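Asks: With these hints in hand, go ahead and build the complete structure from the sequences.
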Amino acid sequence: MALDPTRHADPERWGLVPDAYVRDVFPEEDPVLARAVTAASRGQWRQAADAMKPTWGDWDDRARVTLALAREGARTDEWLNTWRDEQPDRDLAAVDAAAWVLVAKEILGESDEEDHVDGFHRVLRRAERAARHAIHLAPQDPTPWWTLVEVAGGLSFDQARFAEIWHELVSRAPRHRAAHEAALEYWAGQSSDVMLDFAANAGPSLVLRAAFLLEDEDPLIWRTELVADAVDQLLAADELSNDDRGHLVLALYDHNRFAEVIEQFRALGGRADGAPWSRFEDPKGTFLEYRANSCRKAALKI
Amino acid sequence: MRAVVAVALLVGVYVLGLALIAGIVLVNVLFLVHDRPIGFVWSVVIGGTLAFALLTGLFTIAGASDDEERGEPVGEQDEPELWALVRRLADEVGTRPPDRLFVVAEANAAVSQRTRLLGLVATTRRMYVGAPLLACLTERQLSFVLAHELGHYGNHDTRLAGVVAAGRVALVRMLTGLNNRSWYHVVVAVMFAYYAKLYFAVTASLSRQQELAADATATRIAGSEAAVSALRELPVVEAAWTLFHDRHFRPAWEAGFLPTTIFAAFAGLRGSPELGAYLDEVRQNPPERVLGRYDSHPPLPDRIAAVTAMAVPSRGPDRPAGALLANNGAVMDRTLVSPLVEQLGVKQRVDWATLSHTAARATRVDRSRRLARVGGGSLGTVLDLLDEGRLSSLLRTDVRPGSGTPGPRARREFARGLLIGELTALVELTLADQRHARWESDWLGRTTFHGPDLTTEIDQATDDRGSTGGLRAALAGLRVDQVPTR
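From first to last, the protein sequence lines stand for chains Z and Y.
One rule links them: number in the numbering used here = place in the first sequence (from 1) + 55.
One rule links them: number in the numbering used here = place in the second sequence (from 1) + 168.
Simulated from the structure, these hints should not be mistaken for lab results.
Computed from a prediction, not measured in an experiment: that's the story for all the values here.
Hints are supplied without guarantee of correctness; some may be wrong.
[To be verified] Which residues of chain Y face chain Z? A partial, calculated answer using Cβ under 10 Å:
1) V567
2) P574
3) R633
[Claimed, not checked] Heads up, incomplete: computed chain Z residues facing chain Y, CB under 7 Å, no partners named:
4) V158
5) I162
6) G164
7) G174
8) R177
[As the list claims (entries may be wrong)] The following residues of chain Z were derived to be distant from chain Y, with all beta-carbon distances above 12 Å:
9) D74
10) A94
11) T110
12) G112
13) G128
14) D140
15) L157
16) Q195
17) H310
Here a beta-carbon is modelled for each residue, glycine too, at the ideal position from N, C-alpha and C.
Replies: Right under this line is the structure:
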């Protein structure tokens, strides 16, 4: 540790929150949703149903609430079963299908052992059935189609089959954010060229996400014109999500634009909970490492 | 000229080794003389280990050789025709015949000799003939392969070539031997690696020439047609043999069985329709040889082109190489199964049809063993437990999902998937044992279950809120007694 150069970095001097304030887990900020998740963890479903109901029609919001509830559903499903017994509605069906996908992902983890892969596939097929059931209950809802996009990625559906699902999704919600992110993962498993085309059409946020997925096989991806344009577009935008800022950190860092990296870190504050940090083994550690290195390198540049 | 340099380099290995040891001793002495006790102790420890590694490198590894007793040794009285062929080939190549001959269970042939002093001195010569080659090639193709191997030792024009080749083998052996050991061996290996690279650079074109020269010698003996077809057929034989051995023979053997026929079955595999396409594919596009780092074989197309260009006509009729063997080639089976195994009776003799069924059954027994144990011994008792809502007691608790921090539901779902696999095996076993189903395997190793498809019923039975009703009804419809016989 004595030789660690980052100890001289001192992020606080740059107006950033102290290291101790950075966390990779934050409590749910939406009070209604927070109460619903807590109630669900105690086996009660009504608050979850109440949280889902008003999301109908605002599909990005519905995806957000569905995902938060599905996370709890993937942990324990007692409340989902009671919900099913007492009021088997379209909201339950959407959450249930999304929860199956998360269960499948947990079974796989980062493993490539046969048992884990088999379990992953089996539960994804279960998720597909649940999603089809949700589609049956709510034909206008894009949410279960988003779940099917995730299933398609995990089971590596062929492109014709994926195209059908994608068509159904975009005809219901042309700019469904979560589904676009899931589709990116699907294309990542198919072809990096098509994936980049897809991202380029879907906007700058997706381009940076695609670059992040590709950086291992193509370390020069951040220097491409496509990525540089996306960075400029995002920096010119009025409002940025924390995920966008996270990806901007990686892109700007690669471009040696450390002062701008620090600006993004300033806006992120202590939030190391989103993308791309959650993809690393140690999200908070990675966040802090980038932060400290940016401060150190920015100091050298001045 | 290159050969002379190569031999000088080989001698240099010893010079270098001894010089290094002398250097180590000198350093020690200097520390001692200049009264630096700590430095002396350190240099003795480090120098001593390095010197030890050097010596093991020079003596144990370079001194021993890659030839070993493997396969089935055949004496002249056992296989007179094969020996006669080998003697004739050695004579035509212009080298001395091997002292010992072995038939081995590999799709390959080789000549080795015990060497001393990094291959500078050669003694006992051994020849290994792969039984799969005897089973698949014609006599003339085999002659080409064996003459090629002998040719490495008998090219009159390059008298030192044999030494160069043997030296190459010895150096590779020394490096690989050193590399897989402790750190001080690796240190020495790194030093010698540079030396070896120099040697290989000097001898690379020489080795390439030697391969082509060996091909040419062998072609003059066997004819161009046999040479080309042998070169083309070798990867095919290897692919077929790997498939036969790894997917059929070894699993059966490990399960405690001994097929009644081995090489006869291998012949069946080569002729089987499901393999035709696969072997044709290998024949058209032979896999790139996985070259050792120091392998010096020229690419196959170059070799084929060279022997074709020689246009040596074939002499006389040809016949399967297996015809050379006495007792219908009984020696081939012995390469895999010594008579001792049979006498001890540790393996159960079965024919292949029974074997494929038995092997499939054995994997189902394995796969369902745990479930049968915790579930009361039979399918019936397992279903009873499920009906009593005791699914949890049947789930494995010793396995974890791939995620580092799985929740209770993911752990349970993962265990459920494994239970479904076990229950499926138990159902198949029960059905097969009561003659309602059977398994069939082809030579590609694909097993198909011929019986009722009960996937949905099994899913239902293992669901938290499911029921065994569907499965029970399906089994009852087949009049299956739910207590398996084992």
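Asks: Please verify that hint: R177 of chain Z, Cβ, nearest Cβ of chain Y, below 7 Å or not.
Replies: holds (5 Å)
Asks: Should the interface hint for G174 of chain Z be scored as holding, given a Cβ-Cβ cut-off of 7 Å against chain Y?
Replies: holds (4 Å)
Asks: So, as I understand it, the hint says I162 of chain Z touches chain Y; can you test that by seeing if any CB pair is closer than 7 Å?
Replies: Nearest chain Y Cβ about 4 Å off; hint holds.
Asks: According to the definition I'm using, a residue is off the interface if its beta carbon is farther than 12 Å from all beta carbons of the partner; does G128 of chain Z meet that for chain Y?
Replies: violated (8 Å)
Asks: If I take the minimum Cβ distance from G112 of chain Z to any residue of chain Y, is it greater than 12 Å?
Replies: The claim holds: G112 of chain Z sits with its nearest Cβ about 30 Å from chain Y, beyond 12 Å.
Asks: With a cut-off of 10 Å on the beta carbons, see whether V567 of chain Y makes it to chain Z.
Replies: holds (7 Å)
Asks: Does L157 of chain Z sit more than 12 Å from chain Y, CB to CB?
Replies: violated (8 Å)
Asks: Does the closest beta carbon of chain Y sit nearer than 7 Å to the beta carbon of V158 of chain Z?
Replies: Where the cut-off is 7 Å and the nearest Cβ of chain Y is about 5 Å from V158 of chain Z, the hint holds.
Asks: Looking at H310 of chain Z again, its CB stays over 12 Å from all of chain Y?
Replies: For H310 of chain Z, whose nearest Cβ neighbour in chain Y is about 33 Å away, the distance exceeds 12 Å, so it holds.
Asks: Does the no-contact call for A94 of chain Z survive, Cβ to all of chain Y over 12 Å?
Replies: holds (17 Å)
Asks: Quick check on the hint: G164 of chain Z CB to chain Y CB, less than 7 Å?
Replies: holds (3 Å)
Asks: Since D140 of chain Z was said not to touch the interface, does its Cβ keep a gap of more than 12 Å from each Cβ of chain Y?
Replies: violated (9 Å)
Of the hints listed earlier, those the structure fails to meet are numbers 13, 14, 15, in rising order.
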